[in-house]
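Student: Sequence:
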Amino acid sequence: MRISYNKLWKLLIDKEMNKHDLKVAAGVSSASIAKLGKCENVTTDVLLKICEALNVHMDDIMETIDD
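Read in order, the letters of the sequence shown are residues 0 to 66 in numbering that gives the first Met the number 0.
A portion of the hints provided could be inaccurate.
Unchecked claim - Pairs of lysine-lysine residues, derived as BS3-like cross-links and limited to a Cα-Cα distance of at most 25 Å, are as follows:
1) K34 / K22
2) K18 / K37
3) K34 / K14
4) K9 / K37
5) K9 / K22
6) K34 / K9
7) K48 / K9
8) K34 / K6
9) K22 / K48
10) K48 / K6
11) K6 / K37
12) K6 / K22
13) K6 / K18
14) K48 / K14
15) K48 / K34
16) K18 / K34
Worth flagging that the hints you see were computed from the coordinates, not collected in a lab. Please read all numbers here as calculations on a predicted model, not as lab measurements.
Please take these sequences and the hints and turn them into a complete structure.
Tutor: Dropping the structure here:
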């Protein structure tokens, strides 16, 4: 099982935002955004900051996928 952030990228498209806009709005590092792009692990603090910036819940930006 793995985590997918495809919901986040689709949400950014809907909100007409790019990764840089997300980084600035959420106050997270470029490294964290890069990890999200590679579907790597990030801290829950980063995920919460993104959720607060976009006014969404965790299940709106990520999902688990069976391998």
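Student: Failing hints, ascending?
Tutor: none
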